[in-house]
Structure formats: structure tokens, C-alpha cells
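Engineer: Our numbering numbers the first residue of the sequence shown as 1 and each following residue consecutively.
Any given hint could be a false lead.
Unchecked claim - DEER-style ranges, computed between Cβ atoms:
{"hint": "1", "residue 1": "I3", "residue 2": "I27", "range": "58 to 68 Å"}
{"hint": "2", "residue 1": "P22", "residue 2": "L64", "range": "55 to 65 Å"}
{"hint": "3", "residue 1": "E52", "residue 2": "A29", "range": "33 to 43 Å"}
{"hint": "4", "residue 1": "L40", "residue 2": "I65", "range": "33 to 43 Å"}
{"hint": "5", "residue 1": "E67", "residue 2": "L42", "range": "35 to 45 Å"}
{"hint": "6", "residue 1": "C50", "residue 2": "E73", "range": "48 to 58 Å"}
{"hint": "7", "residue 1": "E62", "residue 2": "G82", "range": "38 to 48 Å"}
{"hint": "8", "residue 1": "I3", "residue 2": "L54", "range": "44 to 54 Å"}
{"hint": "9", "residue 1": "P26", "residue 2": "A46", "range": "23 to 33 Å"}
What the hints assert, rightly or not - Result set (DSS-like, lysine-lysine): computed pairs, CA atoms no more than 30 Å apart in a straight line:
{"hint": "10", "residue 1": "K69", "residue 2": "K58"}
{"hint": "11", "residue 1": "K79", "residue 2": "K69"}
{"hint": "12", "residue 1": "K49", "residue 2": "K37"}
{"hint": "13", "residue 1": "K33", "residue 2": "K49"}
Since the hints were derived computationally from the structure, they do not count as laboratory data. Every residue gets a Cβ at the ideal spot worked out from N, C-alpha and C, and that includes glycine.
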Amino acid sequence: MEIKENIIMGLAVGIGAGIIAPLFTPIIAQTGKPLAKSLLTLGFAAYDKCTEALSETKEVVEDLIAETKAEYELYQSAKVNGENAI
Numbered sequence: 001m002e003i004k005e006n007i008i009m010g011l012a013v014g015i016g017a018g019i020i021a022p023l024f025t026p027i028i029a030q031t032g033k034p035l036a037k038s039l040l041t042l043g044f045a046a047y048d049k050c051t052e053a054l055s056e057t058k059e060v061v062e063d064l065i066a067e068t069k070a071e072y073e074l075y076q077s078a079k080v081n082g083e084n085a086i
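Using the sequences and the accompanying hints, generate a full structural model.
Structural biologist: Here it is, written out as C-alpha cells:
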């Protein structure tokens, strides 16, 4: 019984939206373009900030990897030469 009620409710909402939508079309058309442009501008700004942050993070990680690799190679060469590795 619950499924039947959900179907009826869904149909009622869909039909109601279909009837009311044409009334709001002019309002949506007037505000839609500026709103879309604003959202796209915000999206571009967010993309730029994320790209910048990821570039900085990548640089830090690459430096960390290079330092760790150099220390590891130093440790390995000391180990091979029988020196105090630590």
C-alpha cells in the first residue's frame, strides 16, 4: 500500500511542477544567466586555488622524497663500507 501512495504522490508532484513551471520560466530566464556566470566564476576561482595548493603540496612532497632518498643512500653506503650507519 505504501508503494501505491508513493507513486500517487510522485505523479501529483510531477504534474504540479509541470503546471507551475511555465509561470516561473521568465523569472528563471532573467536570473539564470547571471547566476550561472557567477557560479562559473566561483568555480574557476576554486579551481585556481586548488591547482595552486596542489602544486605547493607536490613541491613539498618531492622535496621530502629527495631528502629521504639522499639520507637512505648515505645510510646504505655507510652500511656497505662498514661505517656507523646511524
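Engineer: Take a quick look at whether K69 and K58 sit within 30 Å of each other, Cα to Cα.
Structural biologist: Roughly 16 Å separates the two Cα atoms, so the pair holds.
Engineer: Holds or violated: K79 and K69, Cα atoms, limit 30 Å.
Structural biologist: Distance of about 15 Å is within 30 Å: holds.
Engineer: At the C-beta level, are C50 and E73 separated by a distance inside 48 to 58 Å?
Structural biologist: 34 Å, violated
Engineer: Is 33 to 43 Å respected by the C-beta to C-beta distance linking E52 and A29?
Structural biologist: Check passed, 36 Å falls within 33 to 43 Å.
Engineer: CB of P26 to CB of A46, is that within 23 to 33 Å?
Structural biologist: 31 Å, holds
Engineer: Is it true that the CA of K49 sits at most 30 Å from the CA of K37?
Structural biologist: 18 Å, holds
Engineer: The hint says 58 to 68 Å between I3 and I27; measuring C-beta to C-beta, is that right?
Structural biologist: Once the Cβ atoms are compared, 35 Å apart, the range 58 to 68 Å for I27 and I3 is violated.
Engineer: For the pair we were handed, K33 and K49, check the Cα-Cα distance against 30 Å.
Structural biologist: The hint holds at about 24 Å.
Engineer: Do the Cβ positions of L40 and I65 conform to the proposed distance bound of 33 to 43 Å?
Structural biologist: 37 Å, holds
Engineer: Could you check the hint for me, namely that E62 and G82 are 38 to 48 Å apart, CB to CB?
Structural biologist: 32 Å, violated
Engineer: So the hint says 44 to 54 Å: do the beta-carbon atoms of I3 and L54 match that?
Structural biologist: 47 Å, holds
Engineer: 55 to 65 Å was suggested as the range; check whether the CB atoms of P22 and L64 agree with it.
Structural biologist: 60 Å, holds
In this structure, the earlier hints numbered 1, 6, 7 are contradicted, and the remaining ones agree with it.
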